[in-house]
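> Now for the letters of each chain:
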Amino acid sequence: MDTTNDLPNRWTDIGKMIKRNGPFASPDFVPDTKTTPTIMNGLQNDFKVLVIGAGGLGCEILKNLALSGFKNIDVIDMDTIDVSNLNRQFLFRRKDVGKSKAEVAAAFINSRITGCNVTPYKCRIQDKDDDYYRQFKVVIAGLDSIEARRWINGQLVNLVVCDDGNIDPETVIPLIDGGTEGFKGQARVILPKITSCFECSIDAFPPPTTYAVCTIANTPRLPEHCIQWALMFGLEDAKLPKPFDPKQFDNDNPLHMNWVFETAKKRAEDHNITGVTYKLTQGVSKNIIPAIASTNAIIAAACCNEAFKFCTDSSGFLNNYMMYNGLNGVYTYTFEYEQKEGCAVCGTNVSTFDISPSTTLEVFMEKLMEDPRFQFKKPSLRSNGRNLYMQGTVLNAATKPNLTKTLQELEVLDDDEITITDPALPGIACRIKVHYLQDN
Amino acid sequence: MSQTTGTDTEKYDRQLRLWGEEGQARLEKSSICLLNGTATGAETLKNLVLPGIGAFTIVDNQKVAESDLGNNFFVERQSLGQNRSKVVCELLRELNDRVKGSSVEEDPIHLINTNISFFKDFNLVIANRIPEEPLLTLSQYLYENNIALVVVNSYGFIGYLRLSVPEHQVIESKPDTPMDDLRISEPFKELEDYANSINLESLNSQQHSHIAYVLLLIKFFNAWKSTHGGKLPETRPEKEEFKKFFISKSRNYKDELNFNEGVTNLLKAFQPSRVPSDVDQILKDPKTSELTENSDDFWVLAAALKSFVEEHKKLPLHGNVPDMTADTLGFIKLQNIYQDKANEDLSDLTGRVESILSKIGKDTIPQEYIKKFCKNARFLHLARYRSLNEERTQPRTQVITGELEQPDNLMVFYIVLRAVDKFFTLYNRYPGFNDEDIDSDQSLLKNIVNQLLSELQIPTDLVKDDYVNEFTRYGASELHNIASLMGGITSQEIIKLITHQYIPLNNTYIFNGINSTGANWKL
Amino acid sequence: MFRLKELKKQQEQQQQQKQQQTTSQTNGDASSTTTATTEPTEVKRQNSNDLKEIRRQKSKDSYFSLKSKQSAESSTARRANPSELRAQKDIDEMEVPEGCKVNFKDTNDICNFTLDITPIDGLYQSATFRFSINIPSTYPYNPPKVHCDTLVYHPNIDFEGHVCLNILRQDWMPVLNIGTVIFGLMTLFLEPNPDDPLNKEAAALMIDNKKQFETNVKQSLRGGYVVNRQFPKLLS
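Chains as they are written, first to last, in full-length UniProt numbering: chain A, 1 to 440; chain B, 1 to 523; chain C, 1 to 236.
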């Protein structure tokens, strides 16, 4: 039974934005009325939102969405709760240490915000398929790894149906992506294929701190060099005794971490270097990033504010990147991150190509080169994790025999994508979706 | 568990990496008062309870209403009808058992008007949705008693934050990219001696390529000076020439990383060490000359620093050497030379501190504090905030007008927010709160906006009707996302105020949730 | 959503304009019809399941499918990820320097291969050294991982196979590519750098007693026993 029906004034505040028009609302905004509570219905019944990550940002995002009227929320996170999370991941308590973040977070929200239905998934985002992702109106990500961000970005871009340059808006699912580090953070809105995507900006990410191998090996100067030495050389040095199997090194295991610390400390002492502490050892080994509740709150709220506006049309929108820095005063900077020309993910259009499965690769390539849509000169083809034909010297000989095989023999299935690289292309690659015609 | 401070180092690890155990200790001693347990207030406190402030008190006489369930995370279904301060307090305390929390079931306005000394023992007061008059009364009292006032409001898609404290001292401002203090162009004796003791010609190629660039530059600066009348390169062409000269001294510029580093850091190396203007202001402040036994340690130290600079014409040496290409032994030796000099400067400063203390009859200052002050001499920061009362009686009209004239400015929101407060004072309700009043409230609000602008002698066409209408539309609604965002920003500034680390906002910030932009000003 | 509708409107307008142009060309009489709809814009809320179905249908261009039973995992695995794409482009379009040969154990695994370097000049001339190269899933944000599989007496390569090359670590940038890495590795053999050594003793010897160093190298390449180590015979 939906008990929230008997609390007519619960959503008074959101209600004002949804029921009243205003000068900055979207031109398409049609305010709800008593008889046509369309937007509210959408928020509460029709729309499903996906939250990726139930950590520092994730906890905040879940709370914010629940208190923005959203009812149907999925959350994916494969991690378990650690004590060091408790200073900011406020849906967890000491008794929850060791349990699944997604499950505990969902339970807390469902219990605190009556009527809200958060469904947890303790798995990797890669474990879900296209159909799963298609059901969402918006995806909000509070991730801490480039790899995961890249994946979900690619996934959502791939769901966009783009027929020869015409994007079908119904297949565009926004990705609202937040990230924080100490007193800094950023929130961005990605409309796959329309605005810049995550891959467009991957080059601009600050590179991870790495030290030269020879410095680590022979001319250490900093305590960090000594810690890296323990990790790089100490672990694989059979002459150094370890109370564990080096192949099973786990930087979450205090026993292992302590060994790294002691080893690094000894090396530092041998070179008169000071500063190796257990804390620094953990920081370097695990690449620990300082984190506090306030920054997470700011970025998560900015993200959810965008989700709310997107789903209700009740106001303007972030276009498309907001940076926040709280080190010196409060500094927020908002700008439009432009699409990168030839971006490997969103800059590559997918074009459909009609062909019979019994066509040989050689003939297929001839037809490709004739097609005026593309301007191929020396195309190399790859599909389903397999090289079909490579023009370059490295793999040409190995792939030449494929020319006489049919597409079917090469295990190219209907609807499969073939990625084509060609020095003549402006972007990284071109993607062709194969559309099989019935053989006569 | 920390041996020294007793704090929970495991749970707080991620934040200790930002403000250390000392900052944490300050947080854990703090006592904060929140007026009104609204969504904004609760979210602000959440981000203070989680990292472990000492204690908080919520003053609120409202009962938990249905609408609270729609925007406030710290109320529950079953708490409908109960006093809001009590409910929010309980659910916040649940976040961190090390934090003390209490609730006062009273109208904050009544408290301000009848028992303002209630606030005297707090370090900081957060005011949310307090009308103009009592707010100014509170502001006056807090300012006189050196208690920080933080005003935060969420109104529709707009957020507002204002900080005010008479004086805020920061030693560890922890700038993002601090300048090195290497004294390359004016090396102290030990550094110069070390540089001179190195005979580059006698070194093999491995050794040659591992002499720290600092030493290389000092050596070649000296060589240059000897053929240029004892002067360093000053003009642009001279500096270019030196660069060529320096590169020519490399045996294999492509591979000698140390020479490359020398070139990269050349421009910085030319700069003599200066006293930054921020620090200079502090040293010139009258408080450094009007010392009594009741003076803050900060001012005693500032006075000692002033005397140090008067004699040495420089700030004390920082002592840190950033990593650079060098062999281990050489680098450690270099580090030690800088460290020794820094210690020498510290002793010098300490001596001055002690002599001042004995003159004014004040107790000793812990050596750790002096050391911290000394090491951070270049990064000292002092802020004096205008009170809210000053903001009203002596408005910074130029700043306001200047901003209003810019396209897409956020100052318009500041003006309308001020008008909204005035509206409440006049009519005891917020504009657009009731559906039936929207139209009439729009014109009432517009009149107040125009009146306010006239008083400030600002052309009324600088605030378009759209903004007035938008605020009437909001009808004082409090959206959770905006409340949470402002709660985040506010709590972060409060942490900076309490830990005295990093530099807090001075003094107004507005967040525009319509397009996710923000702006700050000193009003 | 407004932005998506805007986009759709834009596209529709463009379509209509195109159609108008062609009809006016054939009819010779262009009647300008407004493209903007006059009826109130109805905010169409669809049930999320409906949307899911619509989206699924749209992405399947044909109903003749050979992959009706495709599993969830394989559908996303069959899609090229951006690091693979970039690796594909790098490998296919690079100019392999003389003396270098790239080998794929599995020609379809574009992210793992070996590189055989046979320097055409210098001390290590004519001997072949094998490197294992792995392209991480975060490429090109992170550099390729390189390991030297051949035991070699060299100032910048240690006996465990670690290679000290700046572009593999602190000087890596996403604009570099696999070709640059291969070129850099080749340079190590043509111009060993004793000033930033990984093998301290070899480097020191190269500086202090070049002749002895060269002798050691030659001996090691011939499968000799040098510095208490047995080296593989790479030259006769």
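Treat the hints as calculated values from the structure; they're not laboratory data.
The C-beta atom is built at its ideal place from N, Cα and C for all residues, glycine as well.
Some hints here could point you the wrong way.
Computed cross-link-like contacts, DSBU-like style, restricted to lysine-lysine with a CA-CA straight-line distance of at most 35 Å [as the list claims (entries may be wrong)]:
id, chain 1, residue 1, chain 2, residue 2
1, B, Lys174, A, Lys279
2, C, Lys101, B, Lys333
3, A, Lys242, C, Lys145
4, A, Lys99, A, Lys19
Pair ranges (Cβ atoms, derived) [claimed, not checked]:
id, chain 1, residue 1, chain 2, residue 2, range
5, C, Pro136, B, Glu105, 41 to 47 Å
6, B, Gly81, A, Pro207, 24 to 30 Å
7, A, Asn41, B, Gly81, 39 to 45 Å
Sample of chain B residues with no beta-carbon within 10 Å of chain A, all distances over it, derived [as the list claims (entries may be wrong)]:
id, residue
8, Lys11
9, Leu136
10, Arg418
> Against this structure, judge whether each hint is valid.
Hints, one by one, checked against the model:
{"no.": "1", "hint": "B:Lys174 to A:Lys279", "in the structure": "holds, 20 Å"}
{"no.": "2", "hint": "C:Lys101 to B:Lys333", "in the structure": "violated, 46 Å"}
{"no.": "3", "hint": "A:Lys242 to C:Lys145", "in the structure": "holds, 26 Å"}
{"no.": "4", "hint": "A:Lys99 to A:Lys19", "in the structure": "violated, 41 Å"}
{"no.": "5", "hint": "C:Pro136 to B:Glu105: 41 to 47 Å", "in the structure": "violated, 59 Å"}
{"no.": "6", "hint": "B:Gly81 to A:Pro207: 24 to 30 Å", "in the structure": "violated, 56 Å"}
{"no.": "7", "hint": "A:Asn41 to B:Gly81: 39 to 45 Å", "in the structure": "violated, 29 Å"}
{"no.": "8", "hint": "Lys11", "in the structure": "violated, 5 Å"}
{"no.": "9", "hint": "Leu136", "in the structure": "holds, 24 Å"}
{"no.": "10", "hint": "Arg418", "in the structure": "holds, 20 Å"}
Checked against the numbered hints listed earlier, the structure breaks hints 2, 4, 5, 6, 7, 8; every other hint is satisfied.
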